[in-house]
Structure formats: structure tokens, C-alpha cells
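K.L.:
What follows is each chain in one-letter form.
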Amino acid sequence: KQEVTQIPAALSVPEGENLVLNCSFTDSAIYNLQWFRQDPGKGLTSLLLIQSSQREQTSGRLNASLDKSSGRSTLYIAASQPGDSATYLCAVKENSGNTPLVFGKGTRLSVIA
Amino acid sequence: GAVVSQHPSRVICKSGTSVKIECRSLDFQATTMFWYRQFPKQSLMLMATSNEGSKATYEQGVEKDKFLINHASLTLSTLTVTSAHPEDSSFYICSAGTGGGTEAFFGQGTRLTVV
Numbered sequence: 001k002q003e004v005t006q007i008p009a010a011l012s013v014p015e016g017e018n019l020v021l022n023c024s025f026t027d028s029a030i031y032n033l034q035w036f037r038q039d040p041g042k043g044l045t046s047l048l049l050i051q052s053s054q055r056e057q058t059s060g061r062l063n064a065s066l067d068k069s070s071g072r073s074t075l076y077i078a079a080s081q082p083g084d085s086a087t088y089l090c091a092v093k094e095n096s097g098n099t100p101l102v103f104g105k106g107t108r109l110s111v112i113a
Numbered sequence: 001g002a003v004v005s006q007h008p009s010r011v012i013c014k015s016g017t018s019v020k021i022e023c024r025s026l027d028f029q030a031t032t033m034f035w036y037r038q039f040p041k042q043s044l045m046l047m048a049t050s051n052e053g054s055k056a057t058y059e060q061g062v063e064k065d066k067f068l069i070n071h072a073s074l075t076l077s078t079l080t081v082t083s084a085h086p087e088d089s090s091f092y093i094c095s096a097g098t099g100g101g102t103e104a105f106f107g108q109g110t111r112l113t114v115v
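Going line by line, the protein sequences match chains A and B.
In terms of my numbering, the first sequence has 65 at position 65, counting the first letter as 1, and numbering is strictly consecutive.
In terms of my numbering, the second sequence has 106 at position 106, counting the first letter as 1, and numbering is strictly consecutive.
By construction, these hints were calculated from the structure, which means they are not laboratory data.
Computed footprint of chain A on chain B; a stretch qualifies when at least three of its residues, placed anywhere within it, have a C-beta under 8 Å from a C-beta of chain A:
1. 25-34
2. 38-45
3. 105-111
All C-beta atoms, glycine included, are put in the ideal place defined by N, C-alpha and C.
Make a model of the complete structure from these sequences and hints.
P.N.:
Structure, rendered in C-alpha cells:
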């Protein structure tokens with residue numbers, strides 16, 4: 001059974017720092033991996049989607065990498081801002097077609113001004 | 001990207017009553033939708049898969065008679081929490097994918113509080 005782990009569970013950094021969030025998954029046979037942002041009491045905002053054949057995706061200050069064979073992904077946030085404070089969730093899709101995602105527990109990020 | 005709309009965003013109900021949550025795909029048809037539940041500081045856990053025109057499939061440990069799912073059209077799935085109890089208080093969120101199933105799109109979620 002696929003399991004997704006995110007480290008650290010919580011992170012507090014001063015504004016301006018670059019930071020890395022880690023995600024690992026036990027079964028490397030994934031279809032794609034998606035990073036989401038969740039604000040307290042809110043739904044999910046999709047940040048980046050990496051297909052299994054891709055190595056990385058970038059959007060603004062965010063960069064996500066995927067090492068499928070080792071079962072790992074990282075989300076890099078450059079020049080962090082207080083507005084980046086949220087919980088970041090990593091999720092994998094195991095098959096093509098309409099199949100559900102398997103989520104990690106998330107990393108709760110606080111960026112201090 | 002595609003839009004999934006979920007209502008209500010927040011509901012408080014009395015113990016023993018039923019609550020219906022709606023999930024709509026606004027600009028695409030979704031033959032399959034997924035319902036997740038999230039307890040505080042926990043991950044989103046899949047509850048059930050909603051299939052248009054047929055019965056939903058439930059994950060192990062999820063009571064199908066308590067969490068009624070209806071997917072009567074290609075754009076609407078509903079989750080009804082029947083005879084709700086305080087332990088059902090949670091964050092419920094739905095998702096759907098467009099044809100090809102590449103990216104998952106999520107509703108805004110529903111915060112259910114049972115008092």
C-alpha cells in the first residue's frame with residue numbers, strides 16, 4: 001500500500017530564506033505527483049504537478065523536483081514571504097485515469113516577518 | 001484549470017441530524033468524483049469513490065449507510081452524513097478530474113461541526 005511521508009512536519013523560518021520541503025513515497029510506480037497549498041480551514045490550491053516522466057517543474061518562486069526511482073520529491077521555495085505561511089501537501093497519483101490521490105500529512109510552514 | 005465547487009463551506013448541526021454536502025464540476029463532466037476526510041493535523045484520507053449512475057465504492061472502515069453518496073449527473077455528487085455525531089466533525093473535501101485523469105481538482109471543502 002502506498003504511503004506518503006512529509007518531513008518536516010512543521011517549519012518556522014525568517015522572511016527571505018530559501019527552504020526545502022521533503023516528500024517521500026514507498027511505491028515508486030506512480031503516475032504523477034502534485035504539491036498543494038492549504039490555508040487553515042480552507043481547501044487545496046494546486047501548486048505544481050510533475051508527471052512521472054519529468055524531473056522538475058517551476059512556477060515563480062516554487063520549484064518541485066521528482067526522483068521517481070528513489071521515491072522522493074522536494075518543493076523548493078525561494079525568498080520566502082509571510083504570505084507563504086500555510087500547510088504544504090504532497091500527493092501521488094498511482095495510475096492514469098480517474099484514480100484518487102494518496103496524501104502525506106503535510107508540512108506546516110510559518111514565515112516570520 | 002477546471003473548477004470544482006463545493007457547498008456549504010461550513011455547517012454546524014445538532015447530533016442526530018443529517019447534513020448534505022454538494023460537489024459540482026462547473027466546466028467539465030466528471031464520471032468519477034472522490035470524497036476525502038481530514039481530521040485536525042492529519043492527512044486527507046479517501047472515504048469513497050463516487051461513480052455517475054452507479055453505486056459508490058467505499059474505503060475500508062467507512063460506513064456506507066452513514067455516508068450516503070449520490071452521483072446522479074455528470075456534474076454533481078452529493079455526500080450525506082446521516083445521523084451525525086460529534087465524532088463525524090471533520091473537514092470533508094471532494095475532487096474530480098477531467099478526461100484523461102491527469103490533474104485532480106478540488107472543491108473548497110466543508111467544515112462540519114456536530115454539536
